[in-house]
Structures are given as structure tokens and as C-alpha cells.
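Asker: Just need the whole structure built from these sequences, with the hints factored in.
So you can see what is in the structure, the chains are spelled out below.
Number of protein chains: 2
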Amino acid sequence: MQYPFAEKYDASDYIILNSNINPFGTSPLALKAISENLSKINMYPSREEHEKVKNQIVTKMKREYINVNEKQIVLGNGSDEVIEFFIKFGIRKFKRPKVIVGDKTFAFYEYCARSYGLDVIKVPLKNFGYDTEKIIETAKKNSPCLIMICNPINPTGKIIPKKELEDFINEIPQDSFLLSDEAYFEFAFYLNCKDWRGDDYRSALQLNIKRPVFISRTFSKAYGLAGLRLGYLICDFSDEIERHISPPFNVNYLAIKAGEKAILDIDFLQKTVENNYNGLRILESIEGAIPSWANFVLIKVKKKDIYNELKNNRILVRNMEQYGFEGFIRVSVGKIEEIEIFQKIFRKILNQ
Amino acid sequence: MQYPFAEKYDASDYIILNSNINPFGTSPLALKAISENLSKINMYPSREEHEKVKNQIVTKMKREYINVNEKQIVLGNGSDEVIEFFIKFGIRKFKRPKVIVGDKTFAFYEYCARSYGLDVIKVPLKNFGYDTEKIIETAKKNSPCLIMICNPINPTGKIIPKKELEDFINEIPQDSFLLSDEAYFEFAFYLNCKDWRGDDYRSALQLNIKRPVFISRTFSKAYGLAGLRLGYLICDFSDEIERHISPPFNVNYLAIKAGEKAILDIDFLQKTVENNYNGLRILESIEGAIPSWANFVLIKVKKKDIYNELKNNRILVRNMEQYGFEGFIRVSVGKIEEIEIFQKIFRKILNQ
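Protein sequence lines correspond, in order, to chains A and B.
Start counting the first sequence at 795; every next residue gets the next number (our numbering).
Start counting the second sequence at 795; every next residue gets the next number (our numbering).
Don't take every hint at face value.
A pair counts as met if it fits within one copy or between any two copies, since identical chains are not told apart.
What the hints assert, rightly or not - Under the rule of at most 25 Å between Cα atoms (straight-line distance), these lysine-lysine pairs were calculated in the BS3-like manner: (1) Lys887 to Lys1065; (2) Lys882 to Lys892; (3) Lys834 to Lys1105; (4) Lys1096 to Lys952; (5) Lys834 to Lys934; (6) Lys898 to Lys826; (7) Lys826 to Lys802.
Everything labelled a hint here was simulated from the structure, so no lab data went into it.
All values derive from a computational prediction rather than experimental measurement.
Answerer: Below you can see the structure in the form of C-alpha cells.
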């Protein structure tokens, strides 16, 4: 399959709302760490340096009421790479050719699984969320080696409510591995603590689950490091993955150094999720918007070609046709002033 | 298998001669490009940005009398990743479980092949070089999907002479893919032009070969970007690999920006290979040294534990026991002043 890339423009006078990045750029602490370590980029990154980032991740997760230890974490070249580790590990363990994903969800699950020659079974979403019953039924029938979900869901912004998630994880077959991709965790969880939409979101790691689950997280979204590529996997097989699957020098040195500091920058995270909370409230006031727990909103728009008209006004949003959502756009939460400009121009185009 | 890492020390007062890195750090042009692009690391790298690096690679290779076009090149997260692309592509095409590598050569070939569950057949080296006849014979008997060689050879520093390489490539079975890993190409080729050891080294791409070959190269060695991770594969299937195997955002943004400029910095390359030429002449004057075309020298040392004694004197070299070369060390070509200190202390230890 062809990968559905977002359109990219170099011109800096575009408002970029098409790829779920952090509108404030990158944490100043991370940028400082990069500048201070430029003299060492002729040297290979090391596993010892991975350990320092893992320590910081453990500390961060304690703030999320999650107990993990460093041995459960493996770092990757973006969360894409740890998703690939999960796929490779599952194939090694089960040697079965099928995987299940949600239809019209994050394209990388299907892309990567197909690159290994796996059969991809796509279960349709139901009201923009996962149809967990249907996934369970499909899994029981097809014996997939792997099931991959994202929570919050890219691109709909919805979540699997915590009770449903707990039941789902307990009911899928024991001999299928489950990946829960929590790339947008920080937006859903930290907003949850403000009682934004009640108390319905939890990480799979915050539930009482009695089976192995694989969780992927990323520094690309809330931490603003998409370009540097740093993600991580949490599971009970991380040591085995690191010794037999992960390439020895997979994460670049500046990502390691930046990640170690970015994760300490609680002010930057706070500013990011506060802005996101306020941006979501504005975007969701638009007719056709699906309520979102992430840093983007899927919007059904009656006017055809709204995407191109926005582009003519120098605003890039995601045209969701290539994802299979005809008549939808996906708008990332930019800075409040960017969202306001988007909203104004969007309404103007609709009223023309 | 466990990956044989080099030992790493943070203390800056060690002389680091254990991992084949560039002793001059990184090209100033590359460092400038990194600093100028820090404000964009919250954004995803793009295929369009890959194209700019590919253009520069094409230009560089013209200087090497090699005609390639951008469509034959695929970029990777270090050359490790493009070696993995090669393995994945070979498995897709041939669906046979065997690969052939040289015994005691670059550990990643075996590590990565095993991570895919492949059987690895290791053909012993002969007088520190490849036994090309034996590889051909083994390939005819075993029908491997893949054969992986490095040229110059890590860790012996030897090459396959150009005539032998041409015959070898023409004689291996047509239904096995061949990877020639040319990570140390710049050291061998640019020194060759000075008539260093006659005129015996050529890239597989500089020969008259009538079958597909896969070449990997890297920015980690001569260009001093090991920590940033940038490598590339050259073959006739690059487009297919990019569309179906390469992850969409595999190379980090700063590596892209640094690579684009590093490859233009001919002065830095010249300084690096000149220093290497002079460093090799000093290191090869040591008894037990194997003549090298790369940026390191394998040395047989009668004194046991020389490795630890050097470390006590704050010089790190590679202990080659874990590679299977008992009684050998591998010494990278540092700056001339570092090599001179090494030589002095090395002789002192031997004479104790």
C-alpha cells in the first residue's frame, strides 16, 4: 500500500494544522540539550544513554499513577519503530499470518504489517469508535497473532472508555498479542484530570489487566519532538526485544539527549495541554465536529473542496478522503490564535 | 545473539580508538545546518526532504565515476536500517530461509538476519579476506536468499580486489541477492587515488556487472555523523522498498539537514582521508598489524591483556575477542597526535 502522507509546504506563512504536531515547537530544555551535545554526534549512541531516558520515563509514569520499571521499556526511532518491534516480536512468537486493526485508523499499522507479508483484517469503526465486540468476535474466529488499536483513536479523536477497555482486553484470545498505541495519551489523560468529559479515559496500564499488553508512547506529540524521532514500548518482553530485535543504534544521539530533558519540562507540557483544552473547545463548537480526546478534531463538512479553499487561504488541514472519510477534514489543535483564524476563514468559506 | 557493543566511557580524557568514528567530529557545514533548523524539529521529516539529500548523493557519486539516479537511492536511519531493508526485501522476493555472511565480519548482518528467524551460514575468512570461491560454492549448495559482504571488510580492513570482486559477483547464483556494504568506501577509494597500495579497490558500482547488486553506504564514518544516523542503499528496487518497506518517517529531520550539507563539505572529507592515510602508515608500522583500506587496523598482539592495560592508560581500543579474533585488538585511526600517543604507550606496555 502507499502511505497516506500529509501535504507539506515549506512556506512559513502557512498555518499548519494537518499533522498533529506541537504548535509551540519543542521544549526549551530539550533544545538546550541538543545544542550542548552537538560536539558528540560523530559518536554512536549507546544503550547506557538509553537508560537515562528510561529513568525519566519511569518518573513521568509515576506521575500518571503507573508503576513500570526500566526493564519494561524499549526505545525506538519514533513510536513507528516500536510498533514494528511489536509486529516482529509477535511473528516470532506465534508464526501466524493474520493481524486485526480498526478500519480507517492510523495507517502505519496496516502499512507495516503488510511489509511483513501479513494479512490485515480491518474491523469497521462504530460511531467513530472501536467496535470492541466485533474485534473480539473476529479475533476468536481468525486467530490473529496481533491486534493493534490506538487509544485515543487517530483520526477520530475518540477513546475506548475505561470499563469497555478493561473488558475488551480480558476477552480477546490469550494467544494474540495486543498493542495499545497511546501516542495521544498526554492530551486525554491530563485533560481528564480537569474533569474534561468526565473521567472516562485511562491507559491500558492504569487498569487491572491480568495478561500481557504492549503500550506504545511517543515524544512526537505533547513533547514536540516529531522530527527527532523518539518513541517507546512498554511490555514484559522489552528485554528480549532489546537483545534480539532492536537494532543496536536505533535512536539517534540528539533524540536521546533531547528526550531526557523534554520529559522533565513539566511547564512546557502544561502549556501544551492547556492550549489543547482551549483549542478543542473552540473546534468542537463547529457543526460536524466529533468530540475529541486528542490534539485534533475530525469534522464533517458539507461543502465539497473545503480543503483546497482553506489551502488557498494558507491554512493546511488534513483532507481525510485518502483515509476513507469522505467529506471530512481533520484539524490539529494549533495555537489559540491560529485556531481563531482557522475558524473565521472556515466560517467565511462556508457562508460564501 | 547478543550484540557485541564497543565499550563506552563518558570521561572526555580518554583517547577513543574503539569505534571507527571520525576523529575530527562533524563537518562545520553540517553543524551549522543543524543549528539553523532546530526550530523545525516539532515537525515530521518528509520524503521531499529526502530528495534533496539524494540529489547531493548523486553529485558526490559522479565524483566517484559512478552514475546513479535519485530513484535508485533509499535513505535509512543509519546504514543498519538499509541493511534491514535489504534483508526484508530479499525475504519478500525469495521466501527462502538462508543467508550467507563472512564469519567474524560486521556483527549486524548476523544479528539482523537472526531477528527475522533466518539461518545464517558463516563462511570463514581466508588470510583476513573473503574466501570468495568458498562463498560461491556454499551459495550454489544452499540457495540462500541473501549474501552479505562488506568491502572494505570490518574488522580486518582488507578488501576484495576489483578483478576478484567482478568475478565473484558474476558467479554467485542469479537468484540470490547480494549486498556489498561500503561503509568505509571513502577511505579506500580516495586513498587509492593517491596510489596507496596500487589501484586495487573499487566499489561494486564501479565494475562492469550485469546483475542487480545492493550497495549500502553511510554518513557515520568519513562524514562524522554516526550519532545522527544516516545511511543509504543503492539498487534498482529502491522505489519498491520506499513504497512498501521503508517506514514513512525513518530518518530524523536533523540527519536530513546535516547530511545534505555534510556531503558538500569536500574540505572536511579531504582532511579526514589525509589524516587517515597518515594514521594508517603509522599504525601499520606496528608488528602484527594487518594492512588496511579502512579507518582502523587489526593488530595481533602477543601480550595478553594489552586491551586492559591500554584502558588503564586511558586509551580505548576494541578488544576483538568477542568478535572471535583472540589476541587481536582493533585500533581506529584517530588524529595523528592521538595515534602517536597510542603508539608510544603501546610500545611501552609491550617492552615492560
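Asker: Hint by hint, note whether the structure agrees.
Answerer: Structure-based check of each hint:
1. For the homomeric pair Lys887 and Lys1065, neither the shortest alpha-carbon distance inside one copy (42 Å) nor that between copies (49 Å) is at most 25 Å.
2. Proximity of Lys882 and Lys892 under a CA criterion of 25 Å is satisfied in both settings, with 13 Å inside one chain copy and 18 Å between copies.
3. For the homomeric pair Lys834 and Lys1105, the shortest alpha-carbon distance between copies (21 Å) is at most 25 Å, but the shortest distance inside one copy (41 Å) is not.
4. For the homomeric pair Lys1096 and Lys952, the shortest alpha-carbon distance inside one copy (21 Å) is at most 25 Å, but the shortest distance between copies (67 Å) is not.
5. Taking CA atoms no more than 25 Å apart as the test, Lys834 paired with Lys934 passes in neither setting, with 51 Å inside one copy and 45 Å between copies.
6. Taking identical chains as interchangeable, the C-alpha atoms of Lys898 and Lys826 are never at most 25 Å apart, the minima being 39 Å within one chain and 41 Å between chains.
7. Within a single copy, Lys826 and Lys802 get their C-alpha atoms only as close as 27 Å, which misses the 25 Å cut-off; across copies the closest is 24 Å, which meets it.
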